[in-house]
Amino acid sequence: MGTRWFITILYTVVFTFCYAGIHEGAQGDERDELRKEIEQLRYQVEIMQRRLMELEEKSRLLEEKAKQRETKEDPGRVTAEVVSQRKEGFAQKFIGAFNPDISVVGTFAAAYFSEDEPHGRAEADPENTGINLQEIEVAFQGSVDPYFRFDSFFSIGRDGVETEEAYATTLLSLPLNLQVRAGIMRSKFGRINLQHRELQDFVTLPLPAVSFLGEHLNPVGVEFNFLIPLPWFLELSASVNSPEVEVATFDRDENANNIGRLLYIFHLSNFFELSDALSFLMGGSFATGSNGTEPGNRSNLYGIDLFAKYRPLRNNPYQELWLQSEFIYRQAEVPRGNLDDWGAYAQLVYRFAKRWNAGFRFDFVDTGDPIKLEKEKELEMEDISGFISRQHEHGEEESILGLFGREKRYAFMLTFNPTEFSRIRLQYEISDPVFEKLSHAVFLQFQYSIGPHGAHPF
Amino acid sequence: MGIYGFVRVLAFFALISIPALDVVAKVRIVSSIPNLASIAEEIGEERVEVKSLAKGYQDPHFVDPKPSFVLELNRADLLLYNGLDLEVAWLPVLITGARNSKILPGALGHLDCSTLISNILEMPTARVDRSMGDIHPFGNPHYTLDPRNGIAIAEGIAERLKQIDPNNASFYEERLRDFQERLAAKIKEWEKRLAPYRGTEIVTYHKSWVYFSNWAGFKEVGYVEPKPGIPPSPSYVAELVGKIREMKVRLVIAEPYYPHKTPALVAKKAGASFLVLPSSVGAREGIDTYFDLFEVIVDEVVSILGRGDKNN
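Chains as they are written, first to last, in the working numbering: chain A, 1 to 458; chain B, 1001 to 1312.
The shape of chain B in the complex, shown without the other chains (with noise of 0.2 Å):
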């Protein structure tokens, strides 16, 4: 094989090579928490690869730190987190740990979520300490809960993958709208389902929920951890039930890796309905996307709601 052989053997495999080169250009997204993954896979689709580190079964404020995540950190090209320091027991560590610049603070490829959304509950004016129980100083973390909220941080990721892969920019605006219409036709069909029953009175396990009640329009009128992060004692969970049915409250709601015994419990003595509820994609077969997640906390919602209208 002279010269030109060789040259046209470099040249084939070069040939072959871009498009294998394109399949590994993907952009690498690695999500601390599923709500934010789904997001974005549905903005870069088949152009991302996408993965969570926490799973949706799981309770985002304690996840362990494998060593395996720092694999994932090393290797992503935007970490997605949802700030207001949820992750703030396992996330740093794997960050530093990950020898990846792209996605430190300040980076192109480091995105806290919670800057995208203006709307933060729960933002402590005067000071706060650790006597009000494991508080949250920057303000309630659970944003995701708020479909609304997913149109902001859809657009917040569409602008990040535009910076980062410029040249699908086109494609990620593109994808972008057509989420944000389908998710506000989604929200109108929903919130159309809830409307019955704005103003309902609901207790919930965590306060993890404020944002999904300012959507539904639920009053919060008990929680029943006394404190955030406290368990409930036998007195305060016997005055909690007071409560409840002194106030009619017909819902009481906990997430499927809360404890189950003591809402459950709370709800039958009260003589309310107690619901476990998802809050994360992936919490249960069948919520695949931000969609399924709410698809399913309003059908469940609605029919325990409804079905307490046709008894009484």
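Same shape as in the complex, but just chain A (with noise of 0.2 Å):
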């Protein structure tokens, strides 16, 4: 290419003195052989320049040639060769270094509250108006060794930091299909209870979860998963976990000495396919353990969760539309009798252009008994100490197994993911418990990540 340009440059300059000189000798004779002479050299730039064009045309199908040449004649060699021939570029220089990938998810929330002191919210959710930390997610993952993985996460608030998940996963084929998880796991009890903040749809986490499940569900525990040989999709999950947990639902029993006692959790998934755009996820839980009230007592949950997902690929490929929905109920026996409370909520998303997305979520929880409020909102603790967990009451916050009573609620939402990696979040929520009045809260969250993509499941 440098030539070719050279030889155009050399034949402007040369054009032009030419031009000039025509105009300042101004003899007739003169400028005709000045023409002639440009005339001839014109000519020559244009064999030079041709050969020059049929030259690089030979060079670069020899080169071509010589490649097939070599790909052909000894494939095996190539292919060999690829491996130790390829430049490392830089982040080639950090694969061979073992270290795990590390992520980090920030989420803030700035927060408009009606009311002074917002009722039935999860530890992570807004608390107040004001800007609000919701969480920093850090999170180190890679594989062990040829037989396990090993997921951490590691949750930072203001006041300290919480291991959400930390977890083996082996990677063998074992009998059965079977696929053991070791250690702090977010359990799977429904869905909602596996996502993490970053993967959640809305800035509040729903009611049932944050009354039911708390911030979420994460024993210490051993888990079992089942690939049921079938046409489609179906895994029974089986965990043994040990029942202290942060949520008042499930507590170490008194006489903590014995199997039966511990935390069982079990879940069934179903997953179909109706057609190419249209799949459903659906599941089923129950979770079984001591609730620490009285020696003996026990809590009972059932769970139901359905997901599905319509998203036409052929024609608008960003376009989708998830719902997402699930139901709890629990039962719980307490000092003075048993307690019966359920809850559910849906969502609904429409993902409307690549970076847009905007949704609806209904929620609400619901008791048989509701603890009664006496004296204007304050608690008698005598009325109600039968309710409340024991491990909860040397904390420094005290969290009351049973509900207040209905509390249904609204929200709105609207989402802009600039990128894969960063997120704004608007939402309006309002909320309409029976104990009190109704409240309106405004959100607008921020979520950045950084580290490796992660892979998100389905």
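These are computed hints drawn from the structure, not numbers from a lab.
There's no promise every hint is true.
[Claimed, not checked] A few chain B residues that face chain A, going by a derived Cβ cut-off under 7 Å, partial list only:
| id | residue |
| --- | --- |
| 1 | 1065 |
| 2 | 1071 |
| 3 | 1075 |
| 4 | 1093 |
| 5 | 1163 |
For glycine and all other residues, C-beta sits at the position ideal for the given N, C-alpha and C.
Taking the hints as your guide, dock the two standalone chains into a single complex.
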């Protein structure tokens, strides 16, 4: 290329000079001579250009022939050499370093509440009017060896660090298509309990999840996942866990030395594809364990979850619609009898452009045995002492096993994802509890993530 | 029925089950993208069963990791994938869920096809970060769009098949030779048809045609995306239109799954032609093999550039 440019420039320069010369020398003969010379020069340059192009084409063809011959003659050798020949890029240098994948996700939310002390919120939900840190999640993930991988997630808040998850997963082929996870895990109970904050579609956690699962149900345990050999995807999960969790639903029994008092969680997950575009994930969950209110008292949790996704790939590849819904029912034995609580949520999200989605959520919890509030919302400790989980009496905050009454909530959400790694979300929420007056809240959430591209589960 | 009768019945079942076993013993290949699946089909033919997870009309960067894919991978003998982080958002979670040690990294049934390619383009040599857009830190992953790479990929796949299924080694070898010869001949033919248009300046939507351009001798002078994965702003579009007009770019290319409004508008305003080109087997009806794919690409490119010649 360089030569061709040079010739073109030369050509232009010569031409310009000669042309200038014509104007200066006014003599007719000289002009004719000059013109002739220019013509000749132009002709020569043209020939040179053509030659050069021919040569370039020839050398290109030769090179390609040589390349093809190489691949044809001894392809085995070429393939072997390929690996060693490859230039080391910047990223390649880190592959051999055995570092785990490290990622950080920061979630913040500006909030406005119409009430002073908003009720019914999860730990990482915005607490009060102002700017809230929801969570900084730090994850370290990687393969341990050919048999296990290890995933750990730490949630950092203003008050300290919580180990959200830290578990090993078997990678081997085991009999009955078994996969074992062991450690601290978000339990396979429904769907929202498995979703980290950055995968959730709304700023706040749905009420049934808050009331029955806490911020998340993440006991220490061992989980067995079987892939049932059927034409469709059917996974059965069973786990045994220690019942010490943050939510009051479960707690350690006084007579803890009893296998029957541990926390057992079961989940059955079905996946159906009606077409390329429409698929359903349906599940049922059951959890049972001691709740610590009195020796031998248990809580049972029943759950149904549904996730449906419509994504027409052919016409509008970036438009999709999904519905996520769960129903949870809780039975708890307490000193004064039995509690019956239930709740559900349903959320519909429409992604209308590559970077935009909007959604609506309705969530509620209700109870057959409301805890009575007397003297203007002040809790009569004697009245409700039977409901209080033992573990949480010792802690700074008291968590109550049981509900005050029905609570409904409506949320509207609009999300803009500048890229896959950042998010701005606006949400408006109306909360309608029977034991308090109607309240409103507006959130503006910001989320940023750095680190390798994490793979999302379905 | 005495003991002999029983043995005879057993022997009978054993006999009829031998061919049945043969049928069952097909090598199960799961490919992340259809282009690799198509090459594997050419090599294995009826002795393999090939399934592609991503569809040809789908953006391979953003595939939903459906649980049904876990089932496919659970039963797979060989996993083929593009690598260079193309499938990073969806494939790792599926491999973990598959409970199949045959397809784990380092195993015989795990083939990252990018390791077969000698000439990876756009390999960053300096530090990269995401302020440059969603770039691939290991180099541009769209190498299947250079048909010459098909020869190396076929080689690698055949090599693995020979090791996984040594009984059919000679068959795979023969199929490989045949495929490579046919592809080499076709490449020559396509190159001849594209030769008059070498040096053509083009603009593409995403940086996904660099291997194709490298082969066809096209010069990519701009992209509709200002940075990989980042949609263009109006001011960038205006700038691009000016650039295309000034450089007299004749062709704007986008895959079927990218938005067409902006690139079509850019082309129209700048007086260039806009072409929706398939980049995958299965992108359209009638593109069933790796050969079909390039046949269509070359046909469309040549016809649109040829038309331009007549107009001039």
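Results of checking the hints against the structure:
1. 1065: At about 5 Å, which falls below the 7 Å cut-off, the nearest Cβ of chain A leaves the hint on residue 1065/B intact, so it holds.
2. 1071: Nearest chain A Cβ about 5 Å off; hint holds.
3. 1075: Since the shortest Cβ distance to chain A is 10 Å, the answer is violated.
4. 1093: holds (4 Å)
5. 1163: violated (13 Å)
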